[in-house]
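Asker: Chain residues, written in single-letter form:
Protein chains: 2
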Amino acid sequence: MAPIEVTSILFKEFVNDGKVPEDNFVVNKEQRIDPEADLKDGQIFLRLLYLSVDPYMRTRMRKMESYYLGSGFEPGKPLQGGCVAQVVASKAPGFAEGEVVSGMLPWSSHQIVEADAQKGLHKVEPSLLGKVPLSYFVGVLGMPGMTAWSGLKKIAEPIKEGEVALVSAAAGAVGLIVGQLLKHVYGCKVIGSAGSNDKVALLRELGFDAAFNYHTTPKEQALKEAAPDGIDIYWENVGGPVLETVIEMCRPHARIVACGMISQYDLPDEEKYGVKNLFHVVTKRIKMQGMVVADYYAELGKEFATTMGKYVTEGKVKAVEHVTEGIENAGKAWVEMMVGGNTGKAVVKVAAEDPFPVKKE
Amino acid sequence: MAPIEVTSILFKEFVNDGKVPEDNFVVNKEQRIDPEADLKDGQIFLRLLYLSVDPYMRTRMRKMESYYLGSGFEPGKPLQGGCVAQVVASKAPGFAEGEVVSGMLPWSSHQIVEADAQKGLHKVEPSLLGKVPLSYFVGVLGMPGMTAWSGLKKIAEPIKEGEVALVSAAAGAVGLIVGQLLKHVYGCKVIGSAGSNDKVALLRELGFDAAFNYHTTPKEQALKEAAPDGIDIYWENVGGPVLETVIEMCRPHARIVACGMISQYDLPDEEKYGVKNLFHVVTKRIKMQGMVVADYYAELGKEFATTMGKYVTEGKVKAVEHVTEGIENAGKAWVEMMVGGNTGKAVVKVAAEDPFPVKKE
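If you're matching them up, the sequences are chains P and B in order. Counted the way UniProt numbering counts, the first sequence spans residues 1 to 361. Counted the way UniProt numbering counts, the second sequence spans residues 1 to 361.
Bound-form chain P, shown alone (with noise of 0.2 Å):
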């Protein structure tokens, strides 16, 4: 095998407060691997299949303490993101070439890595390859779709039938996964806020009972109006005022998965948004709990794997993506999917060919 051309995409700079700019992700080709003369024992030789872009990357762009992974991206090196890839070659027991595995991984196209587990480095479902598209393992069988369920299970649990639930983002990567698990396992009514009419109507299509854009709608009417009893589950992607609103309007004993606050990363602190009735808190009995999906995989990854499986190949909770060609695109894909540009999950397509293509029946 012949050296092989490395496309990364390399982290320019930190960006402490506004948005990242386009030009911050950096396509670098410089690097060359030499699998036959580079592969050491126990390392394994990837290529990259499919690219996650999240919303919780931007907290790893700004030179703080960060708590997801324990440190922000290094400036000069490859971002990393949930990748699905597969094995080109490989030295470590346990793993062999074809086999395709999913985890944490560096943004460059081809790549050397240690084999221990300690990278989170995992086979996907063997018995699922063929049946759905490979991308499903960074989106609804992997992060997106573990933070999603996860959330669920741990924080807004017990839920009862017939409680109502609002879920912001909820075109979003993991919003369209905890409504779809909300309605069709829970049973609860469960209402979308989203920003464009075509999200809207998506949410519609997947079953929620109620759904607004809020670029066009006041979020107190469209709140009011679909849930006039008020609100037991809110799955919090967005913060600042929405989130105001939603506890204003919280039933007793409301829980809130605190799961992302994408209006409040791009601002100075002093900017950020002061939630004034947090009161409400203490009187109607709320529990707000953050998470971070990372802690739960040792506890419950298996379970997920296999539930979820079995959710998505029986349509009982559909995957919706947004998918960009080429790993040259990754920033352009997230800077556009920070402002809202992606429906369902942003992945990034980065081998040409799918190497376990799903076939039509």
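Check the hints yourself; a few may be wrong.
For identical chains, the list gives no copy identity; a pair is met inside one copy or between any two copies.
[Said to hold, decoys possible] Straight-line C-alpha distance at most 27 Å; calculated DSSO-like pairs for lysine-lysine:
# : residue 1 : residue 2
1 : LYS359    : LYS287
2 : LYS131    : LYS12
3 : LYS276    : LYS287
4 : LYS287    : LYS63
5 : LYS123    : LYS310
6 : LYS332    : LYS77
7 : LYS77     : LYS91
8 : LYS153    : LYS123
9 : LYS287    : LYS153
Just so you know, these hints were derived from the structure itself, not from any lab. Predicted model only: the values in this text are computed from it and were never measured.
Since the structure of chain P is already known, use the hints to place chain B on it.
Answerer: Below, chain B without anything else, positioned relative to chain P:
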């Protein structure tokens, strides 16, 4: 028995914003009770021994939906709160003359009440009579004690030995018990904030590892010194800027028991403090949960009575009381308590003589 003159404290009117003045508590002596003529089957005739003045009552003085007990106080009628009373006469099975009960009762020196269970009236543990002052049954062995014990159990647990805990309003009725439980039962490092040097001295005496006077020491400085590595458990009694500072200092997986937010009770909505750093709830996986103690009695009431009775008689948890004499002074006692005039549990002694005095050994 001749008709008895009843002294009641009536609730004058709703006060939505600002401090509730002392003259909103109206002493009334117009009612007469003739126990022989007035007492019907299923009823008991009680004389009040102690009544409790508590911050949560502020919520019921506002004309708004309250989730505490379902409603505000009724203008022109007696206020209501935690009380200890003695049965003078009974026409209800299960209650005998001379027995001591506690529960939510009107602020009337004498009263006839239905004895049914819905009132939440229950007999105080007979084995403790003469061993502890009866006032403890509205304090460390009553609602404030149950609040402290059950809030830690249901929201803060699991608690690891050596975790760092902060208690605000730590010299108040609930705070003093929370701090002692965290220190002497759970083995935490406990920090207390309070509003005077005398209170701070008391906290140290009771075993708090650190304590500061928030009037004279900037909270950021005091907390950085006392908890340089951050806070794991925060018992929230005050809200506002203190909550914001604590969120900033929370360690990952911190728990905030939202028991009260006294700094915000009197403020009109637009003047309430906006907490700007709730984003940390996500990244640090903070759990903030509100509590109303009434929710926990059915599940935990008996266990509390046994457990806390043991802690108190063993001296593991010490009761500190601030006693005002005479039901006529109940309004004044409440108003003073709201500005921190009390150290420990604020109670009003209604009957001149204690029927079960504690014997000195």
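Asker: Would you mind marking each hint as holding or not holding in the structure?
Answerer: Hints, one by one, checked against the model:
no. : hint             : verdict
1   : LYS359 to LYS287 : neither (45 Å within a copy, 45 Å between copies)
2   : LYS131 to LYS12  : neither (38 Å within a copy, 71 Å between copies)
3   : LYS276 to LYS287 : both (17 Å within a copy, 18 Å between copies)
4   : LYS287 to LYS63  : between (30 Å within a copy, 25 Å between copies)
5   : LYS123 to LYS310 : within (17 Å within a copy, 54 Å between copies)
6   : LYS332 to LYS77  : within (18 Å within a copy, 67 Å between copies)
7   : LYS77 to LYS91   : within (25 Å within a copy, 82 Å between copies)
8   : LYS153 to LYS123 : within (24 Å within a copy, 40 Å between copies)
9   : LYS287 to LYS153 : both (14 Å within a copy, 15 Å between copies)
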